[in-house]
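The listed protein sequences derive, respectively, from chains A and B. Just so it is clear: in the first sequence, position 112 is 112 by our numbering, and no numbers are missing. Just so it is clear: in the second sequence, position 128 is 128 by our numbering, and no numbers are missing.
All the pointers check out, no bait thrown in.
What the simulated footprint calls covered on chain A by chain B, stretch by stretch (three residues with Cβ under 8 angstroms from a Cβ of chain B suffice, anywhere in the stretch; the number is not a length):
| no. | stretch |
| --- | --- |
| 1 | 9–21 |
| 2 | 40–47 |
| 3 | 113–122 |
Treat the hints as calculated values from the structure; they're not laboratory data. Even glycine gets a Cβ: it sits at the ideal position worked out from N, Cα and C.
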Amino acid sequence: MKLLTHNILTSKCLKGVTVGYPLGIVCHTQAKEVKVNEVEFNPEFISRMIQKVDWPALCKAAENLGHSDDLPPAVVDDYENNEEFLKKAHHFLMEIEVINGDLICPETGRKFPVTDGIPNMLANEDEV
Amino acid sequence: MSGRPEHQAPPEIFYGEDEARKYTRNTRMMEIQLVMSERAVELLCLPENQPCHIIDLGCGSGLSGETLTEQGHVWTGVDISSAMLGVAKEREVEGDLILGDLGQGLPFRAGAFDGAISISALQWLCNADQKSHNPAKRLYIFFSSLYSCLSRGSRAVFQFYPENSSQVELITSQAMKAGFTGGLVVDYPNSTKAKKFFLCLMTGGQQPLPAALGVDSREDAPNCVAFSQKRDRMKQLRAGKAPKKSRDWILEKKERRRRQGKETREDSKFTGRKRQSHVW
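One chain only, chain A, in its complex shape (with noise of 0.2 angstroms):
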């Protein structure tokens, strides 16, 4: 599960949760559990991207996974046109990934496992 993926994932299909965001991360032993990969970088995408993406949200996550060295902590002016920023932005998003661990709902306290990069949001009949 990259950190694009996991910065959009809530757990609002949950009974009784009202926004459901952030999911907190958990991973066990972080050095097995995440994985950088290299991904083609693409400046458009990644740009629009940055207009959806929830950026202190993914400051976190990055925390969590010890993972954040050299993240910026807010997104920069003029971001479009700054090609390091997004070179670091596209890191961030598209090459960090969580293999196993465990998604947290803000609001319950409810466990989404990830298993080898799946997260399990499947919930039980009384929980929708």
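Once you've looked at the hints, dock chain B against the given chain A.
Leaving out everything else, chain B in the frame of chain A:
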């Protein structure tokens, strides 16, 4: 023939380890899925040469996702079968995968995606796989959550296999209730084999639907034999002879019988006369 898959078991059970493997090894299946995925992306009418963020609903083993990757898009897939997602992982598809039930709603933030496709999945939502399931309610929850996680002006295209017209009605009514506009595009409507249903939903207010393929009867469905032309040729075989059951045909037949020496009634003004149709 075992009938429709969704009548046999819920999707997460039907698509177990064996079926998931079979599905993704069947080259004919893969070809069909590829063609349908390309058509679905075409119907999405995405801006040219722009990589978009797409959600693949019922992504299965990632066959349709590969078309999205090929066209330069970034996608995330949702499916209820962990076996199918396992195959997708093995095939190292580019998109992120999520294990989830579409009928429980899509767990994404508003405006997260620029478009949605779905290949051969929507019909699974029409069946109640558990006692607590109400298909209409699940469809509504699905469509309304989809509507909110799509950015304004984007579309959702679903290729699916409706069982009957009331299923189509159920699906479209829930989609409209959720705020979508749009409708059904039926490619090759006159060919049983090639006919494909695409539900095209829009978020930006009423827009004209894209044109269907194969509606001009002269345009042949790809990979299909032109049966109608063959049938016409058969009809012409009686050229030169009188059409069956006409008065001329009756007289000719009686002549034939006389030549064969069989007992035949005399011809009269009543031979082969038009009879009044019976009212039973």
